[in-house]
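Chemist: Take a look at the letters that make up each chain.
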Amino acid sequence: MVDLWDGLTQAFWLVFTLDAELAEIAIRSLYVTLTALVIASVIAFPLAAFLAVRRFRYRRVIIAVLNALMGLPPVVVGLIVYVLLSRSGPLGVLGLLFTPTAMIVAQVVIIVPLIASIAHQSLRDLWQEYHDLLISMNVTQMQKMRTLIWDARRALLTATLAGFGRGIGEVGAIMIVGGNIDNVTRVLTTAIALETGKGAFGLALALGFVLIALTIAVNLMIHWLSQTEREGRW
Amino acid sequence: MTALFPLIVSGAETHRRGKVLVGPVDLQLGGEGATVIIGPNGSGKTTLLSLLHGTARLHAGTITWQQPADVARAAQSFVFQRPVMLRRSVLENVAYPLLMRGVRRTKALAVAQEWVARVGLGQMPERAASLLSGGEQQKLALARAFIIEPQVVFLDEPCAALDGRSTREIEAILQDQKAHGTRLILSTHDIGQARRLADDVVFMRGGLVHETAPAAQFFDAPHTDAARAFLNGDIVE
Amino acid sequence: MKHLLCTLAIIWAGAVQAQDSMRLAVTTSFHNSGLADILLPEIQADLGLEVQLLVVGTGQALRLGEAGDVDAILVHSRAAEEAFVAAAYATHRREIMYNDFVFIGPADDTAGIAGVPDATTGLQRIAAATVPFVSRGDDSGTHKKELTLWADAGLDVTGFGGWYRAVGAGMGAALNTASGMNAYIMSDRASWLNFGNKGDLVLLFAGDPVLFNQYAYLPVNPAVHDHVKADQAAMLEDWLTSERAASLINNYTINGETLFVFNAEPDNR
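Heads up: the sequence lines are chains Y, A and L, in that order. Per my numbering, the first sequence runs over residues 1 to 234. Per my numbering, the second sequence runs over residues 235 to 471. Per my numbering, the third sequence runs over residues 472 to 740.
A couple of the hints might just be wrong.
Label-pair restraints from in silico Cβ distances [unchecked claim]:
hint	chain 1	residue 1	chain 2	residue 2	range
1	L	Leu674	Y	Leu4	27 to 35 Å
2	Y	Ile62	A	Arg352	44 to 52 Å
3	Y	Thr158	A	Glu348	33 to 41 Å
4	Y	Ala64	L	Leu674	54 to 62 Å
5	Y	Ala20	L	Arg715	49 to 57 Å
6	Y	Arg154	L	Ala559	55 to 63 Å
7	A	Gly336	Y	Val65	34 to 42 Å
8	Y	Gln143	A	Glu360	17 to 25 Å
9	Y	Ala155	A	Asp468	43 to 51 Å
10	Y	Val65	L	Asn721	54 to 62 Å
11	L	Gly639	A	Arg251	28 to 36 Å
Capping the alpha-carbon separation at 25 Å, the derived lysine to any residue pairs in SDA-like fashion look like this [said to hold, decoys possible]:
hint	chain 1	residue 1	chain 2	residue 2
12	A	Lys412	Y	Asn138
13	L	Lys669	Y	Gly208
14	A	Lys253	Y	Arg55
15	A	Lys341	Y	Val139
Derived by calculation from the structure, the hints in this document are not laboratory data. In this text, all values refer to a predicted model and were calculated from it rather than measured experimentally. C-beta atoms are modelled at their ideal positions from N, C-alpha and C, and glycine is treated no differently.
Input sequences plus hints: build the corresponding full structure.
Modeler: Now the structure itself:
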C-alpha cells in the first residue's frame, strides 16, 4: 500500500516539475505507438473491407487466422522481428535494429490483426445492410470498400483505439527489438520494466500512473475530436 | 430513349438449392408506361423483378435487353420493399448514385437538393436518413432511384409498409415520372394500386407467369380462373 | 504544438544517430550497480563517444555479439567468454575489473550461514536446512557461478527439492522474488546495494575469494562482421583500461562501500 501511495506522489511530482526524462520517454512512447497505429490502420482497414465484400474460397480460413493472430504473444513477434532485422538476418543491411523504427515495425505487426479483426466484424455487419442496395447500383469493388469504411468510421475508430491500447502498453516486443537504450529507444513501458527489475517500485508505479493518464488523455482527445456521443450524429 | 426495349425474356429460370424458384418465364416488355406484376404472396414477384434487374442468378433461359448488359445495368434503378438507408444525411443518400458515377460533389449535391425537394423532403436535407419515418425513407429511396435519370425503374412493393398518405404521395411521384417517360416495372399485392398505376399487368402464380394482358383488358375481363378469383379477393395459392 | 513538433524532430534526429556512437551489451548485474551512470558521461566528455547500452542477460549479450548487432560486450562469465573468443566472434578478451558475490538471506538466518568459514560450507548448510533459495536460473554469469559453487560443495542441483527456486530472471527480478519469499539468494554486491526492495533480507556472508566476479570487455570481431565500429570499440577499450577509468571505478561507492576493484593490465591482448 505504501508503494501505491509513494507511486502516486512521485507521479504527481514528476509531471508537476515537467521532468525532462519523463517528457522524453513519454513523447517517444506516443511517437512509436501513434506512428504504428497510423500505419496499421492503413493496412488493416482496406484488408478488413476487402474480406467483407469479396467472396473467395479461403476467406473463412483467412478470417479465422486473422482472429487467431490477435492472440499472438507480443514477445514472440519481437523475437521474429529481431531475427529478421539482426545484422546476421535477411534485413540486417537496413540497420534498423535497436531504433524506434524497429519498435514501430514490431508494433504494426502486433496491432494489425487486432484492428483488422474488429474492423472486419463491423464492416461485415454493415455490408449485410448495404449489400442489396450497392449490388443493385452496380458500384465497383473499390467503391463498396470505401463506402463501408466511411460509413462505419465510428466503429473503426473503436478498433483503432483498441489497437492504441494494445500498443501503448506493450513491452515484450519493443524491449527485444528496441533494446531499451537510454535516450534512444527507452519508452514508458520499458522504463517501468527496468525500474521494477531494480526494485524501485515507487518510480515504476509512478511511470505506470503517468502511462495510464496519458492513455486516457489520448482516448479523450480522440473522442472529442471526432465528436462522438453527440445527438443524432453518425 | 427506348433503346433498351423491347426486353425479351425466354425460358428464364432461377433455382434455389436445386429447386426451381421462378420459371420458366416467357415475357416481352415494351418501352412505354408502367407494368404491374401482381399475384398472391409467395408467387415469386420479388424474384422475377430481381431476375429482370439482374441481381438474381439466371440458371436457365435468356433475358435480353436491346443494349449490352453493362449499358443496360447503368440505365436501371431498383427500389426495395424495405428501403436501405446509408448511414448518412438525406442529401448525401440521394446524391450517392451520382457521386459513384463520378459526378463532382458540388454538382451532385445540387441536383440531389432538387430531388429532395421534389419528393417532399425539402425541410430536412441534413437529417440522418435513419431517423426518417417509413414513408419518408421510401420517398428518399425514390429520389435516389430517379436521380440518375434511368430508363427503367424496378419497384418491389414500394408501398407495402406505408400509410395511406405516404402511398398517395409516392404514387403521385411515380405517375409524374411515368409521364416524363421513365419505364416503371413494379410489383404489388394491392389491387387498387395496380388499377391506378398499370398500363399492362403480369399475373403470377406459383413461380410462373399465369396471365399477361393490357390493364383495361385484365381488370375487366381476365382470361384465367385464378386471375378472376384473385381480383375477386379470394385466396389464391 | 510547435514545441511538440520540435521535440519530435529532435527524437527523430536522435534516432538517425548523427553523432559518433557505438553499442555495448552489458549484463543486468553491471547495470544495476549504477557504475554506468558514472562512466558514460565521462566517456562522452573525454572521447565524444556516445555509448548506447543494451542491458541484457549474459546469454543474450553473447548472442548479440555473435550476430554482430552490437559492437562490443562487457560480461562476467570466463568460460563462456573464452569459448566466444575461441570461436572468433571476438578478437580477444580484456579484463577490466572485478566485484564480488555475496550471500543474502532473511535476518533470522535459520540456515545459520552468517559465520561460516567459506562459501561452500554456507551452501551445504542451506541445502541441509532446505530453506527457500532463489536461483537466477537464466544461464547468466551469476547463475553459472552459483552452479559452480554448488558443484564445489559436492551437491547436485538437479536433486534439490522444492526449496530451490529457479526463477529464470535478471538479478533485480530475482532479488524481488527472494524478498517476497524471504528466501536466501546469491547476488552480486552492487545489485544488492542498489536494490530498493530489501524487505527482511540482509547480507549474511561475503569475502571468500572464490566469490570474486571478473568483468571482461570483448570487442566483436570485425573480420566476421565488417560493419561493426571497431575503431570506436578500441577507443572505448583503451579508455576503460586507463588511469582515468581506474580512479573512477575504484572510487565508486554506494553508501560508502566500494564495489569494484580495477584490475586491467596495460596492453594485455
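Chemist: Would you pick out the hints that fail for this structure and give their numbers low to high?
Modeler: The structure conflicts with hints 5, 11, although it agrees with all the remaining ones.
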